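Please work from the sequences and hints to get the whole structure.
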Amino acid sequence: MKFDRTDRRILQEMQSNGRITNLELADAVGLSPTPCSRRVKRLQDSGIIERHVTLLNQSALGLKLTAIIGITMDRHTPERFENFETAVRDFHEVIECSVVTGQSADYLLRAVVPDMEYYEAFLLGKLTRIEGVTGVHSSFVLRRVISRTELPLDHISGGS
Numbered sequence: 001m002k003f004d005r006t007d008r009r010i011l012q013e014m015q016s017n018g019r020i021t022n023l024e025l026a027d028a029v030g031l032s033p034t035p036c037s038r039r040v041k042r043l044q045d046s047g048i049i050e051r052h053v054t055l056l057n058q059s060a061l062g063l064k065l066t067a068i069i070g071i072t073m074d075r076h077t078p079e080r081f082e083n084f085e086t087a088v089r090d091f092h093e094v095i096e097c098s099v100v101t102g103q104s105a106d107y108l109l110r111a112v113v114p115d116m117e118y119y120e121a122f123l124l125g126k127l128t129r130i131e132g133v134t135g136v137h138s139s140f141v142l143r144r145v146i147s148r149t150e151l152p153l154d155h156i157s158g159g160s
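Using this note's numbering, read the sequence shown as starting at 1 and increasing by one per residue.
Keep in mind that the hints were calculated from the coordinates and are not lab data.
Only a predicted model underlies this, so the values are computations on that prediction, with no experimental measurement involved.
Backbone N, C-alpha and C fix where the C-beta goes; we use that ideal spot for every residue, glycine too.
Do not take every clue at face value.
Simulated restraints, written as ranges between beta carbons of each label pair [stated by the list, open to error]: (1) Pro-152 with Gly-125: 37 to 47 Å; (2) Arg-75 with Thr-21: 49 to 59 Å; (3) Glu-120 with Glu-85: 17 to 27 Å; (4) Leu-124 with Gly-62: 13 to 23 Å; (5) Glu-117 with Thr-86: 43 to 53 Å.
Subject to a maximum C-alpha distance of 25 Å in a straight line, what follows is the list of computed DMTMM-like cross-link-like pairs (lysine to aspartate or glutamate) [said to hold, decoys possible]: (6) Lys-126 with Asp-115; (7) Lys-2 with Glu-50; (8) Lys-64 with Asp-115; (9) Lys-126 with Asp-154; (10) Lys-126 with Glu-79; (11) Lys-2 with Glu-96; (12) Lys-64 with Glu-82; (13) Lys-126 with Asp-90; (14) Lys-41 with Asp-154; (15) Lys-2 with Asp-154; (16) Lys-64 with Asp-90; (17) Lys-41 with Glu-79; (18) Lys-41 with Glu-120; (19) Lys-64 with Asp-27; (20) Lys-64 with Asp-4; (21) Lys-126 with Glu-93; (22) Lys-41 with Asp-27; (23) Lys-2 with Glu-24; (24) Lys-41 with Glu-82; (25) Lys-64 with Glu-24; (26) Lys-64 with Glu-13; (27) Lys-64 with Glu-150; (28) Lys-126 with Asp-74; (29) Lys-126 with Glu-82; (30) Lys-2 with Asp-27; (31) Lys-2 with Glu-13; (32) Lys-2 with Asp-45; (33) Lys-41 with Glu-24.
Shown next as structure tokens:
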């Protein structure tokens, strides 16, 4: 899909404010409402805009602890990985899971929990019970320096 400067500006505006109205968006990017709406629809239909979400305040919800968890598997087989991925999808504490390379771990997870007691129960009651998990290395976030949801768009045509 080809992008121009206006598409990029639409995406930037929508990333920073998912509740922006079409009228406000059109004004911000210098279009009239109908062409702006058509562009947004095209971006949605192409899969560039996946979905709209509401970001919640983790701390205000009592979710004070974020764990970065490295998981090592006993075997690197498609079945083992599929089994792990199926299991971890059901763990609402896990907000991100990636297969990684260049680490001693096979997976990196980011989990959000209320406190250390909850994390211990999650670790021992769920994660380590998944067949094939042979190692778990946990690190805990002391303070977030940067926490963005917006993707960088400078590489999209139309200049910066």
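Hint check results:
Taken as a hint, the range 37 to 47 Å holds for the pair Pro-152 and Gly-125, whose Cβ atoms sit roughly 38 Å apart. Remark: the range hint 49 to 59 Å for Arg-75 to Thr-21 is upheld by a beta-carbon distance near 52 Å. Restraint check, Glu-120 to Glu-85: a C-beta distance of roughly 23 Å satisfies the suggested window 17 to 27 Å. The supplied range of 13 to 23 Å is met by Leu-124 and Gly-62, whose beta-carbon atoms lie about 21 Å from each other.
At about 27 Å, the beta-carbon gap between Glu-117 and Thr-86 misses the expected band of 43 to 53 Å. Note on Lys-126 and Asp-115: the hinted pairing holds, with a Cα-Cα distance of about 16 Å set against a maximum of 25 Å. This hinted pair checks out: Lys-2 and Glu-50 have alpha carbons roughly 17 Å apart, not beyond 25 Å. Using a Cα cut-off of 25 Å, the hinted pair Lys-64 and Asp-115 holds, with the two alpha carbons roughly 6 Å apart.
With a C-alpha separation of about 41 Å, the suggested pairing of Lys-126 with Asp-154 is violated against the 25 Å cut-off. For the suggested pair Lys-126 and Glu-79, the alpha carbons sit about 19 Å apart, so the restraint of at most 25 Å is met. Restraint check for Lys-2 and Glu-96: not satisfied, since their Cα atoms lie roughly 30 Å apart, outside the 25 Å limit. Taken as a hint, the Lys-64 and Glu-82 pair is broken in the structure, with Cα atoms around 30 Å apart against an allowance of 25 Å.
For the hint linking Lys-126 to Asp-90, the alpha-carbon distance of about 10 Å falls within 25 Å, and the restraint holds. Taken as a hint, the Lys-41 and Asp-154 pair is honoured in the structure, with Cα atoms around 22 Å apart against an allowance of 25 Å. For the suggested pair Lys-2 and Asp-154, the alpha carbons sit about 14 Å apart, so the restraint of at most 25 Å is met. For the hint linking Lys-64 to Asp-90, the alpha-carbon distance of about 21 Å falls within 25 Å, and the restraint holds.
Between Lys-41 and Glu-79, the direct Cα distance comes to roughly 38 Å. Violation of the 25 Å bound is thereby established for this hinted pair. Annotation: proposed proximity of Lys-41 to Glu-120 is violated, straight-line Cα distance about 45 Å (limit 25 Å). Restraint check for Lys-64 and Asp-27: not satisfied, since their Cα atoms lie roughly 39 Å apart, outside the 25 Å limit. A distance of roughly 41 Å separates the Cα atoms of Lys-64 and Asp-4; the hinted pair therefore is violated under the 25 Å criterion.
Restraint check: the Cα-Cα separation between Lys-126 and Glu-93 comes to about 11 Å, which is no more than 25 Å; the hinted pair holds. Taken as a hint, the Lys-41 and Asp-27 pair is honoured in the structure, with Cα atoms around 17 Å apart against an allowance of 25 Å. Taking the CA atoms of Lys-2 and Glu-24, the gap is about 24 Å. The hint holds against a cut of 25 Å. With a C-alpha separation of about 34 Å, the suggested pair Lys-41 and Glu-82 falls outside the 25 Å cut-off, and the hint is violated.
With a C-alpha separation of about 35 Å, the suggested pair Lys-64 and Glu-24 falls outside the 25 Å cut-off, and the hint is violated. A C-alpha spacing of about 30 Å is found between Lys-64 and Glu-13, which places the hinted pair above 25 Å, so the restraint is violated. With a C-alpha separation of about 23 Å, the suggested pair Lys-64 and Glu-150 falls inside the 25 Å cut-off, and the hint holds. Of the supplied pair hints, the one linking Lys-126 and Asp-74 holds, its CA atoms being roughly 17 Å apart against a limit of 25 Å.
Restraint check: the Cα-Cα separation between Lys-126 and Glu-82 comes to about 16 Å, which is no more than 25 Å; the hinted pair holds. Under the criterion of a C-alpha separation no larger than 25 Å, the hint pairing Lys-2 with Asp-27 is consistent with the structure, at around 22 Å. Distance check on the hinted pair: Lys-2 and Glu-13 sit about 18 Å apart at the alpha-carbon level, within 25 Å; holds. A C-alpha spacing of about 14 Å is found between Lys-2 and Asp-45, which places the hinted pair at or below 25 Å, so the restraint holds.
Among the hinted pairs, Lys-41 with Glu-24 is consistent with the structure: their alpha-carbon atoms are about 16 Å apart, no more than 25 Å.
The structure is inconsistent with the numbered hints 5, 9, 11, 12, 17, 18, 19, 20, 24, 25 and 26, although it conforms to all the rest.
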